[in-house]
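Just so you know, the sequences run in chain order A and B. Per the working numbering, the first sequence starts with residue 1, numbered consecutively. Per the working numbering, the second sequence starts with residue 588, numbered consecutively.
A couple of the hints might just be wrong.
Claimed, not checked - Straight-line Cα separation of at most 35 Å, DSBU-like style, residue types lysine-lysine; simulated pairs:
(1) 848(B) - 312(A)
(2) 625(B) - 789(B)
(3) 695(B) - 312(A)
(4) 84(A) - 378(A)
(5) 304(A) - 47(A)
(6) 154(A) - 460(A)
(7) 923(B) - 312(A)
(8) 312(A) - 519(A)
(9) 460(A) - 304(A)
(10) 766(B) - 695(B)
(11) 789(B) - 766(B)
(12) 526(A) - 538(A)
(13) 789(B) - 51(A)
(14) 46(A) - 923(B)
(15) 84(A) - 848(B)
(16) 30(A) - 789(B)
(17) 789(B) - 312(A)
(18) 84(A) - 252(A)
(19) 304(A) - 789(B)
(20) 460(A) - 378(A)
(21) 695(B) - 252(A)
(22) 625(B) - 766(B)
(23) 51(A) - 538(A)
(24) 51(A) - 923(B)
(25) 252(A) - 47(A)
(26) 51(A) - 304(A)
(27) 30(A) - 46(A)
(28) 252(A) - 154(A)
(29) 923(B) - 47(A)
(30) 526(A) - 154(A)
(31) 47(A) - 30(A)
(32) 378(A) - 51(A)
Bear in mind the hints are in silico, worked out from the structure with no lab data behind them.
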Amino acid sequence: MSTSENVGGSVASTNGKTAASAKKPGRGSKVVGWADERLGLATAAKKNLRKVFPDHWSFMLGEIALWSFVVLLISGVFLTFWFKPSMAEVQYFGSYSQLNGMHMSEAFASTLDISFDVRGGLMVRQMHHWAAMLFIAAMLVHMMRVFLTGAFRKPREVNWIIGGILILLGIVEGFAGYSLPDDLLSGTGMRIADGLVKATPVVGTYMSFFMFGGEFPGDDIIPRLYMAHILLIPGLILALIAAHMLLLVYHKHTQWPGPGRTEENVVGFPMLPVYMAKAGGFFFIVFGMSALMGGLLTINPVWKYGPYDPSKVTAGSQPDWYMGIAEGTLRIMPGWETHLFGHTLSWNIFLPGQVIPIVLLLMVLSWPFLEAWVTGDKREHHLLQRPRNAPGRTAFLAAMITLYGLLWAAGGNDVLAVLFHLNLNHITYFMRGAVFVIPILVFFLTKRWCISLQRHDNDKLLHGYETGIIMRSAEGGYTERHLPISEESAYTLTARDRDEVFVPGSGVDANGVASKDGKLDGIRGKLSTTLFADNIQKPTAEELEEAHHHADDEHAHEIEAGLDHSADGHQFDGRHPVDEEALRGKH
Amino acid sequence: MTDHNDTSSNHLPASVQEPIANPGLPAHLPRPTDVDPKAERRAERQVAAFFVASMICAVLFCVAYFTLDIKDETDTFIGLGASNVALGATLGLALMFIGIGVIHWARKLMGDVEIFEMRHPASSSEEDRDTTLAALSAGLEESGIARRPLIRNTMLGAMGMLGLPLIVGLRDLGTLPGKTLERTVWAEGTRIVRDVTGTPVKPSQLEVGDLMNAQPEGLVTLHSEELIAEGEERGVEYLEGVDLQVEKSKASVILLRMEPKDLTFSDRSPENWQIDGIVAYSKICTHVGCPISLNEQQSHHLLCPCHQSTFDLADGGRVVFGPAARPLPQLPLTVKDGYLVAQSDFREPVGPSYWERDSK
């Protein structure tokens with residue numbers, strides 16, 4: 001195999017047969033020359049124009065988030081031309097006859113105008129709302145991908161934290177955005193937000209009064225939210241996205257292990273033209289998809305809710321989906337409140353509204369540091385891990401997803417009760433226990449599942465893959481025939497590190513470096529045991545050698561029996577010539 | 588092959604014990620468009636066709652914009668406005684065809700040869716780091732910040748003090764809470780009026796089991812000038828705009844008539860606050876302030892649709908289920924001129940809890 005020389009990148013820099021160097025640009029060189037004499041960009045561009053990006057479908061998730069944010073900026077600018085962020089009371093005389101003559105805020109009236117008197121307005125409004133949901137959903141799924149594959153490890157911990165803050169900002173931005181129309185549903189959301197703020201110990205009342213410009217609802221909150229929604233938060237998001245992307249370019253993208261892919265190189269397609277085309281084309285797909293959804297799928301029909309009235313509410317009120325877990329925690333919390341020296345502390349609101357979301361976020365953000373502390377691993381990692389090869393981490397995420405799902409379901413307990421004819425109170429009591437018990441069960445279940453998959457990988461390496469051909473021996477016993485997997489697949493399966501369990505008091509850490517016995521060593525040892533002790537390690541060279549030796553023996557036996565080729569079953573009916581037949585085509 | 592891997596593992600100690608050596612990049616397999624000129628031309632035509640389709644959609648968008656009316660028609664086409672559907676579909680397709688065309692071009696016709704680059708460690712070189720540290724200490728040394736603690740400390744103090752203007756400058760964001768959360772517009776003799784029509788309520792107009800959303804007189808906008816004039820004569824102040832919203836978010840009540848024998852009286856719900864089984868409770872949930880609205884007629888239980896706190900209106904507004912911690916405040920009722928009126932304001936703050944709240 002001549003291409004094996006590519007390992008380490010010391011010889012060829014491509015797997016193609018001809019050099020991939022571009023021809024000198026002709027007409028363009030004049031323009032480049034003009035610009036470079038003034039901006040000096042050629043030095044930076046020479047590295048980046050043909051920058052290599054590895055290819056995998058899961059690397060597209062962050063791209064969806066990025067492009068949906070661009071769609072949000074474009075559609076948002078369009079909406080600002082007509083939206084009036086004012087809570088002044090006006091009488092509505094627009095095209096939507098059912099609300100004709102009603103008193104409402106200018107914000108709500110202008111939202112109706114965008115929906116019914118501006119052509120394309122409703123489409124863009126709905127596109128904006130759908131793109132917001134896509135933005136947050138894509139960020140969350142992207143975060144899960146990064147977590148499951150260990151892409152957050154050194155040197156990418158800072159980018160992991162930037163990503164976490166982006167998700168938090170995205171959620172706040174979404175909440176601010178859907179509060180702007182000042183309709184009955186979003187007004188109820190603001191009322192709940194007011195309740196959450198007021199529950200803050202000591203300063204809660206003041207925070208509420210300073211937010212709303214006086215007593216709830218006041219007439220300041222919509223203009224203030226508007227400023228936050230179109231300037232402050234998008235500015236922060238934009239700056240953090242820039243930092244996120246710069247770090248991505250600086251670190252170079254992670255890649256999956258495989259033939260020719262190492263910790264020292266990055267294999268893939270060049271930025272120009274392939275990635276520019278694929279990523280640029282993908283922007284149009286995301287944009288087009290949002291436009292289609294804006295035209296064809298109704299979302300947030302505020303005209304059906306009507307203007308905000310603090311004495312009204314509709315049954316089955318639900319916030320946007322990404323607020324669901326906060327809603328769920330709020331709903332299942334028991335009614336605990338402490339009265340002390342003429343003061344009230346509302347645990348029932350303060351804990352679910354402020355403490356728990358922050359604790360959950362900090363847990364996720366601190367994971368890279370926790371894992372690095374437990375393993376003692378100080379190396380850089382650019383090759384991704386398959387989720388099964390980090391069973392503890394995968395199980396942790398599965399437990400967190402379960403918790404998220406349970407809280408989400410709890411946030412819709414009334415909807416579930418109606419849908420499944422269940423007792424609302426029973427659902428709530430069930431959830432109060434389930435959020436503690438089920439994630440723990442899921443953790444251990446997922447961990448064992450991953451370990452089983454690791455065993456399966458080792459079986460494939462040692463004994464080959466299952467062909468599906470059942471062999472009957474002369475004695476009448478049945479066995480399944482196994483065939484060895486290709487060298488490429490075998491290498492890919494073994495391209496991972498061996499886990500080492502930290503033993504407290506050993507005086508030596510996982511990398512064999514002498515360490516002082518710290519106070520937290522006991523905890524570190526326990527965590528290390530939970531995360532790594534049960535994992536199955538890849539076979540050693542000797543084990544592989546022995547297994548192949550064993551297989552060769554079997555093969556010799558098969559040659560004797562005339563079975564040394566792939567079979568599809570027909571081979572054994574005695575009626576077919578079988579020389580040219582292959583089991584599953586050519587690999 | 589083996590030789591090469593051995594040399595590359597010199598700087599990669601982990602790979603020494605690798606059970607299988609890295610076989611290197613697999614050879615590039617040509618696509619049909621790389622070897623078959625017919626397939627190549629077909630792909631070229633396909634890409635161009637996508638771009639043409641996009642142009643057609645862009646034109647159709649303009650046609651739809653000027654020919655379809657929006658106005659009040661929200662359900663002319665599959666339950667949606669025709670203009671909305673047409674604009675969304677044409678714009679969406681115009682964009683998507685560009686995207687599909689470009690990606691098709693990239694996949695079929697642009698080079699698909701994998702190339703690779705070497706990575707560099709995230710850290711700077713040892714030399715760069717030393718130079719930076721040297722520059723840093725030289726700069727700090729020249730500033731004398733370590734040698735002159737007086738300057739350093741006063742500077743830090745000055746910068747810290749800048750926090751004050753920053754915080755004080757935000758003071759006018761809102762009025763101070765004071766006692767506003769403890770009061771509503773209810774007062775002795777305030778008439779209870781129907782939420783929608785604004786008309787006063789006689790006890791006899793409520794049947795047992797009836798539930799009515801109500802407001803203090805003045806918080807419902809009347810449509811008859813005559814009635815407003817009559818109300819103003821009795822000293823009623825009709826609120827509008829933001830004042831109306833603020834007061835409504837505290838003063839809204841629920842009237843419910845039950846069999847008097849079903850009621851449980853206590854200190855917080857004495858017998859003389861009800862009229863023939865009619866009680867009035869704050870409509871604002873004591874959890875986070877949603878208006879309570881769902882009534883279970885048989886059990887006199889009232890449910891908040893936001894977080895499902897459930898209150899027993901036959902038993903002083905006690906919490907029977909859910910995240911709320913406190914009973915609903917009750918409004919003391921009496922009758923004046925034949926109509927239901929309040930004896931006074933609520934005896935405790937309504938709505939969600941807050942730090943300064945001084946009662947259970």
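Do the hints match the structure? See the list:
1. 848(B) - 312(A): holds, 31 Å
2. 625(B) - 789(B): The given pair, whose Cα atoms are some 89 Å apart, is violated under the 35 Å limit.
3. 695(B) - 312(A): Given pair residue 695(B), residue 312(A) is violated - Cα atoms ~58 Å apart, limit 35 Å.
4. 84(A) - 378(A): violated, 54 Å
5. 304(A) - 47(A): violated, 55 Å
6. 154(A) - 460(A): holds, 31 Å
7. 923(B) - 312(A): holds, 28 Å
8. 312(A) - 519(A): violated, 57 Å
9. 460(A) - 304(A): Distance of about 59 Å is beyond 35 Å: violated.
10. 766(B) - 695(B): Given pair residue 766(B), residue 695(B) is violated - Cα atoms ~72 Å apart, limit 35 Å.
11. 789(B) - 766(B): This hinted pair holds, its Cα atoms lying about 33 Å apart.
12. 526(A) - 538(A): holds, 23 Å
13. 789(B) - 51(A): With a Cα-Cα distance of about 81 Å, the restraint between residue 789(B) and residue 51(A) is violated, given a limit of 35 Å.
14. 46(A) - 923(B): violated, 88 Å
15. 84(A) - 848(B): violated, 54 Å
16. 30(A) - 789(B): violated, 90 Å
17. 789(B) - 312(A): holds, 23 Å
18. 84(A) - 252(A): Cα-Cα ~44 Å, so violated.
19. 304(A) - 789(B): holds, 33 Å
20. 460(A) - 378(A): holds, 31 Å
21. 695(B) - 252(A): holds, 26 Å
22. 625(B) - 766(B): It is violated: about 84 Å lies between the C-alpha atoms, which goes past 35 Å.
23. 51(A) - 538(A): holds, 33 Å
24. 51(A) - 923(B): Cα-Cα ~84 Å, so violated.
25. 252(A) - 47(A): Status holds; Cα separation ~12 Å.
26. 51(A) - 304(A): The given pair, whose Cα atoms are some 51 Å apart, is violated under the 35 Å limit.
27. 30(A) - 46(A): holds, 16 Å
28. 252(A) - 154(A): Within the cut-off at roughly 13 Å; holds.
29. 923(B) - 47(A): Between residue 923(B) and residue 47(A) the Cα gap is close to 87 Å, so the pair fails against 35 Å, i.e. violated.
30. 526(A) - 154(A): Between residue 526(A) and residue 154(A) the Cα gap is close to 23 Å, so the pair holds against 35 Å.
31. 47(A) - 30(A): holds, 20 Å
32. 378(A) - 51(A): This hinted pair holds, its Cα atoms lying about 27 Å apart.
Hint compliance for this structure: hints 2, 3, 4, 5, 8, 9, 10, 13, 14, 15, 16, 18, 22, 24, 26 and 29 are not met, and every other hint is.
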